[in-house]
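Residue numbers (our numbering), protein chains in the order written: chain A, 1 to 433; chain B, 434 to 734; chain C, 735 to 897.
It is worth saying that the hints were derived from the structure and are not from the lab.
Source: prediction; values computed, not measured.
C-beta atoms are modelled at their ideal positions from N, C-alpha and C, and glycine is treated no differently.
Treat the hints with caution; some may be incorrect.
As the list claims (entries may be wrong) - With a Cα cut of at most 30 Å, we get these calculated DSS-like pairs of lysine-lysine:
1. A:394 <-> C:806
2. A:430 <-> B:624
3. B:686 <-> A:430
4. B:649 <-> B:458
Unchecked claim - Only part of the chain C face toward chain A is listed, based on derived beta-carbon distances under 7 Å:
5. 747
6. 749
7. 755
8. 758
9. 760
10. 775
11. 779
12. 789
13. 801
14. 802
15. 804
To be verified - Some residues of chain C that are not near chain A, with every Cβ distance over 10 Å (derived):
16. 781
17. 797
18. 808
19. 843
20. 874
21. 876
22. 877
23. 878
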Amino acid sequence: MEVLEIGLILMGLMFLFLGAGLWVALSLFAVGVIGLEFFTSAQTGPIIATTAWSGLASWSLAPLPLFIWMGEILFRSRLSEDMFTGLAPWLNKLPGRLLHVNILGCGIFAAVSGSSAATAATIGRMSIPELRKQGYADRLILGTLAGSGTLGLLIPPSIILIVYGVSAELSIARLFIAGILPGAMLIILFMGFVMIWATANKDKMPPAGPDMGFMEKVRASGRLIPVIVLIASVIGSIYGGIATPTEAAAFGVVGALILSAISGSLNRASFIDGLMGATRTSCMIGFILAGAAVLTVTMGFTGIPRELAAWIAEMNLSPYALLAALTVFFIVLGCFLDGISVVVLTTSVILPMVQAAGIDLLWFGIYVVLVVEMSQITPPVGFNLFVLQGLTGKNLFSIARASLPFFFLLLLAVLLITVFPEIATWLPQKMNG
Amino acid sequence: AEKWDMATPYPDATFHTQNIIEFAKDVKEATGGELDITVHSGGSLFKHPDIKRSVQRGLVPAGETLISLLSNEDPVYGVDAIPFLATSYDEAKKLWEASRPAIEEKLAGDGLKVLYAVAWPAQGLYTAKPVSTVDDLKGMKFRAYNSATSKLADLTGMVGTQVEVPEIPTAFATGIVEAMMTSPSTGANSKAWDFVENFYDVQAWLPKNMVIVNAKAFDGLSPEVQKAVMDAAAKAETRGWEMSMAETDAQKKVLADNGMNVAAPSDELKAGLAKVGEQMVADWQAEAGDTGAAIIDAFKK
Amino acid sequence: MFKFSAGLAAIFLVAIALLILASSLGRFVGIAVHDANELAGFSLAAGTFLALGPALRAGTHIRVLIVLSHLKGGLRRGIESITLAAASFLGGYFAYWMAVLAEESFSYGDTSPGVLAFPLWIPQAAMAFGLIVFTIAMLEALFDVARGRAPGFASRETSELTE
Ligand code: NA
Ligand code: NA
Numbered sequence: 001m002e003v004l005e006i007g008l009i010l011m012g013l014m015f016l017f018l019g020a021g022l023w024v025a026l027s028l029f030a031v032g033v034i035g036l037e038f039f040t041s042a043q044t045g046p047i048i049a050t051t052a053w054s055g056l057a058s059w060s061l062a063p064l065p066l067f068i069w070m071g072e073i074l075f076r077s078r079l080s081e082d083m084f085t086g087l088a089p090w091l092n093k094l095p096g097r098l099l100h101v102n103i104l105g106c107g108i109f110a111a112v113s114g115s116s117a118a119t120a121a122t123i124g125r126m127s128i129p130e131l132r133k134q135g136y137a138d139r140l141i142l143g144t145l146a147g148s149g150t151l152g153l154l155i156p157p158s159i160i161l162i163v164y165g166v167s168a169e170l171s172i173a174r175l176f177i178a179g180i181l182p183g184a185m186l187i188i189l190f191m192g193f194v195m196i197w198a199t200a201n202k203d204k205m206p207p208a209g210p211d212m213g214f215m216e217k218v219r220a221s222g223r224l225i226p227v228i229v230l231i232a233s234v235i236g237s238i239y240g241g242i243a244t245p246t247e248a249a250a251f252g253v254v255g256a257l258i259l260s261a262i263s264g265s266l267n268r269a270s271f272i273d274g275l276m277g278a279t280r281t282s283c284m285i286g287f288i289l290a291g292a293a294v295l296t297v298t299m300g301f302t303g304i305p306r307e308l309a310a311w312i313a314e315m316n317l318s319p320y321a322l323l324a325a326l327t328v329f330f331i332v333l334g335c336f337l338d339g340i341s342v343v344v345l346t347t348s349v350i351l352p353m354v355q356a357a358g359i360d361l362l363w364f365g366i367y368v369v370l371v372v373e374m375s376q377i378t379p380p381v382g383f384n385l386f387v388l389q390g391l392t393g394k395n396l397f398s399i400a401r402a403s404l405p406f407f408f409l410l411l412l413a414v415l416l417i418t419v420f421p422e423i424a425t426w427l428p429q430k431m432n433g
Numbered sequence: 434a435e436k437w438d439m440a441t442p443y444p445d446a447t448f449h450t451q452n453i454i455e456f457a458k459d460v461k462e463a464t465g466g467e468l469d470i471t472v473h474s475g476g477s478l479f480k481h482p483d484i485k486r487s488v489q490r491g492l493v494p495a496g497e498t499l500i501s502l503l504s505n506e507d508p509v510y511g512v513d514a515i516p517f518l519a520t521s522y523d524e525a526k527k528l529w530e531a532s533r534p535a536i537e538e539k540l541a542g543d544g545l546k547v548l549y550a551v552a553w554p555a556q557g558l559y560t561a562k563p564v565s566t567v568d569d570l571k572g573m574k575f576r577a578y579n580s581a582t583s584k585l586a587d588l589t590g591m592v593g594t595q596v597e598v599p600e601i602p603t604a605f606a607t608g609i610v611e612a613m614m615t616s617p618s619t620g621a622n623s624k625a626w627d628f629v630e631n632f633y634d635v636q637a638w639l640p641k642n643m644v645i646v647n648a649k650a651f652d653g654l655s656p657e658v659q660k661a662v663m664d665a666a667a668k669a670e671t672r673g674w675e676m677s678m679a680e681t682d683a684q685k686k687v688l689a690d691n692g693m694n695v696a697a698p699s700d701e702l703k704a705g706l707a708k709v710g711e712q713m714v715a716d717w718q719a720e721a722g723d724t725g726a727a728i729i730d731a732f733k734k
Numbered sequence: 735m736f737k738f739s740a741g742l743a744a745i746f747l748v749a750i751a752l753l754i755l756a757s758s759l760g761r762f763v764g765i766a767v768h769d770a771n772e773l774a775g776f777s778l779a780a781g782t783f784l785a786l787g788p789a790l791r792a793g794t795h796i797r798v799l800i801v802l803s804h805l806k807g808g809l810r811r812g813i814e815s816i817t818l819a820a821a822s823f824l825g826g827y828f829a830y831w832m833a834v835l836a837e838e839s840f841s842y843g844d845t846s847p848g849v850l851a852f853p854l855w856i857p858q859a860a861m862a863f864g865l866i867v868f869t870i871a872m873l874e875a876l877f878d879v880a881r882g883r884a885p886g887f888a889s890r891e892t893s894e895l896t897e
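Taking the hints into account, I'd like the entire structure generated from these sequences.
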């Protein structure tokens, strides 16, 4: 199997480049260039330029830098501190306490953002400094963020569900609705894990705050009002018919600017600081996206993912065995390619075989999202890992280690929706009736 | 044996892509594997706006593109999406025959060769509220996605607004868009009944996709293979138009079966839209000059 | 030059926000704002690449230092030099082909498919310029390392070495 050898060579090169300290975006780019140059007859230079151009000049990416900017503005305002002060008394009794803010914050933010990186970046920008200050273990801070950031893909709106819905010709609205219960289930799984971990590792948790009476709690929650207003206005701009989900990000930026102006933390210097910070972070992520696009087009020309998928198709597996094989396939490819690229490159081969095996395509969409979510947190190519490395300067593999439990929880979620497919299909069916 | 990559913009389930896959199979069979075309569907190799240039630059030898997507390059491509000029399969076919020489000439100048073109089902009007005259359209937020649809919005007093395909369902649900023009197939595939109530079969125009090849790559093939490709293309053109017609009927039925109000436009609406169409044909002709006049003459003959 | 490039990139980020707001509010009051989505995409592409060089100098671009951090002295400097040389080459290669793309778009007169028919070479040339700035920043770092100095971004990416 010749493509397998090419795949292994490219994989080896990827590790070599990354290990030698070549920047992540350039490593992806270099592997793509080498793949095109040596393993295809394609014209490398013009192809990579066209690919980088059309990969980035896309309306669908526009919310990403805006959400990053929103996070930068909020980070410089008192808002994130207020949010934690307001939530702390309520979470005091819950094992894991403020770590749940990461999970719930990502869950709520996921209802606005369709991307996993934007979710992790925006929430992380606000929560990491606060949680560190309070003495929570870095491993859990990073793990919960990396894991819950992926909720951006499952809880509607979702970029990957749109990509899948277009290729499978399914109703995007139905797919979005199908994502709601599995999203809630993931939140429960993540929170459950944090509670168990916190109970088992009491010594690694910071001391609990003082207990407050109910009225005191309510008073402390007053500080939550600005956050609630901001979230409500962004979500409201979508459901009120003012903005499309893409446009909501721009309203988020305006809302964040207004809030920080009201709280008195907005001035010329902080505005420029926030803007430049957002520009650099968006650039870092955008450059990696361009590198990933180059690697993806190389995969398209070499035909590696397609042939691997075709190879699975030839095995004529039973539905469960097929799902197991596909899960392994997606996890392995997801380590090296961005999850959405894997879907784009393989739907032509995978959808017919899934259909032939009698698997419901709507359900399979949710399954695909879950495996793509895993790809966001597996090294060496995982966008949430990149975002968190950008935010904290910690190394990629230690962030990946912190995210490992959440990878397994995602795997558990795949198992759960396989055993109980209704988790994904019940709500959309209700909609039919 | 020669291996070709082919870049196409639409997903596998689309009948155009199905037809292309069939075409690739025919070529492979007819040439005894001499030419093996791998179809990269769904924009997985190049995005739709880049496909024509990529074939022109020789990055891929073959590709598919919507003809009217190129209308900013030259007005001649815009003839494919003038509302209410050619409003049936027969007329669309006639328009293709009338415009093919001009389009071929334009493409030849870019080192491209057109193999065949296939029409989409006719564009119908989807509206949230019932519509019986052009006046009813006034002030509606209309999804405009190119120059022609923007102009259509202006001429009918609608407000053109840009909403990308995947966001259409939410946009209708929240009132960001109240009307759009697209084919019954796109409507059925996106389960339009989830978010919009009325479908008027106004048959505004039948946009076409064309399959193009890089002329140099094509000339590099042996005469026998070239002939096999052209034969398969002719077959694909016939098959594609039949698929398109079957698709129209089937998908209109799907819309109706799912409770949408599928109706023919009222006479007033039809007359009003036809008037708008005349204006747009005149404007296009002014833009396209002699070539445009020649195409319209050949079409009206 | 780095300041200029970074400033332009920031302006493009603001442009994305303004474009999207304009189209959203324009629709609300009944004015059609054409092609805002396309222009926002172009701004994103241009802004991302213009910020490449400044972001490199600020230590924002991420890489895996797990191997390098365990190496010392000459060996580390050697590998670091090779990596920087390779990175400079890749940057230059990328810049060259991006410039070719911009030039071809210019000579073909390629425009966006929308109403405005915006010339594609403008954002593409911005991308090529950004890559040139990036390559210069990379060469600057290579020069530093070759002369035995730490490159400008080193101080900002060390936090992982201390953990
Ligand atoms: Na989401
Ligand atoms: Na990964």
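A quick look at each hint next to the structure:
Restraint check for residue 394 (chain A) and residue 806 (chain C): the C-alpha separation of about 20 Å stays at or below 30 Å, so the hint holds. Taken as a hint, the residue 430 (chain A) and residue 624 (chain B) pair is honoured in the structure, with Cα atoms around 16 Å apart against an allowance of 30 Å. This hinted pair checks out: residue 686 (chain B) and residue 430 (chain A) have alpha carbons roughly 24 Å apart, not beyond 30 Å. Of the supplied pair hints, the one linking residue 649 (chain B) and residue 458 (chain B) holds, its CA atoms being roughly 22 Å apart against a limit of 30 Å.
With a least beta-carbon distance of about 5 Å to chain A, the hint placing residue 747 (chain C) at the interface is held under the 7 Å criterion. For the restraint placing residue 749 (chain C) at the interface with chain A, the shortest Cβ-Cβ distance is roughly 11 Å, beyond the 7 Å limit, so the hint is violated. The beta carbon of residue 755 (chain C) comes within 5 Å of a beta carbon in chain A, closer than 7 Å, and the hint placing it at the interface holds. For residue 758 (chain C), the suggested interface contact is upheld, since its CB lies about 4 Å from the closest CB of chain A, less than 7 Å.
For the restraint placing residue 760 (chain C) at the interface with chain A, the shortest Cβ-Cβ distance is roughly 11 Å, beyond the 7 Å limit, so the hint is violated. A distance limit of 7 Å between C-beta atoms decides the matter here; for residue 775 (chain C) the minimum to chain A is near 4 Å, and the interface restraint holds. Checking residue 779 (chain C) against chain A: minimum C-beta separation of about 4 Å stays under 7 Å; hint holds. Interface restraint check: residue 789 (chain C) against chain A, minimum CB-CB distance 4 Å, threshold 7 Å, status holds.
Taken as an interface hint, residue 801 (chain C) checks out: its beta carbon lies about 5 Å from the nearest beta carbon of chain A, inside 7 Å. Checking residue 802 (chain C) against chain A by beta carbon gives a least distance of about 5 Å; that is within 7 Å, so the hint holds. Of the supplied interface hints, the one on residue 804 (chain C) is violated, with its beta-carbon coming no nearer than about 11 Å to a beta-carbon of chain A, more than 7 Å. Distance check on residue 781 (chain C): its Cβ comes as close as 7 Å (rounded) to a Cβ of chain A, failing to clear the 10 Å threshold; non-interface status is violated.
A beta-carbon of chain A is positioned within 10 Å of the beta-carbon of residue 797 (chain C); the least distance is around 4 Å. Every Cβ of chain A is farther than 10 Å from the Cβ of residue 808 (chain C); the closest lies at roughly 16 Å, confirming the non-interface assignment. For residue 843 (chain C), the non-interface assignment is confirmed: its Cβ lies about 16 Å from the closest Cβ of chain A, beyond the 10 Å cut-off. At roughly 15 Å from the closest C-beta of chain A, the C-beta of residue 874 (chain C) stays outside 10 Å, upholding its exclusion from the interface.
The beta carbon of residue 876 (chain C) sits about 13 Å from the closest Cβ of chain A, which is more than 10 Å, so the claim that it is off the interface holds. For residue 877 (chain C), the requirement that its beta carbon stay farther than 10 Å from each beta carbon of chain A is met, with the minimum near 17 Å. Non-interface status of residue 878 (chain C) relative to chain A is upheld: no Cβ of that chain comes within 10 Å, the nearest being about 15 Å off.
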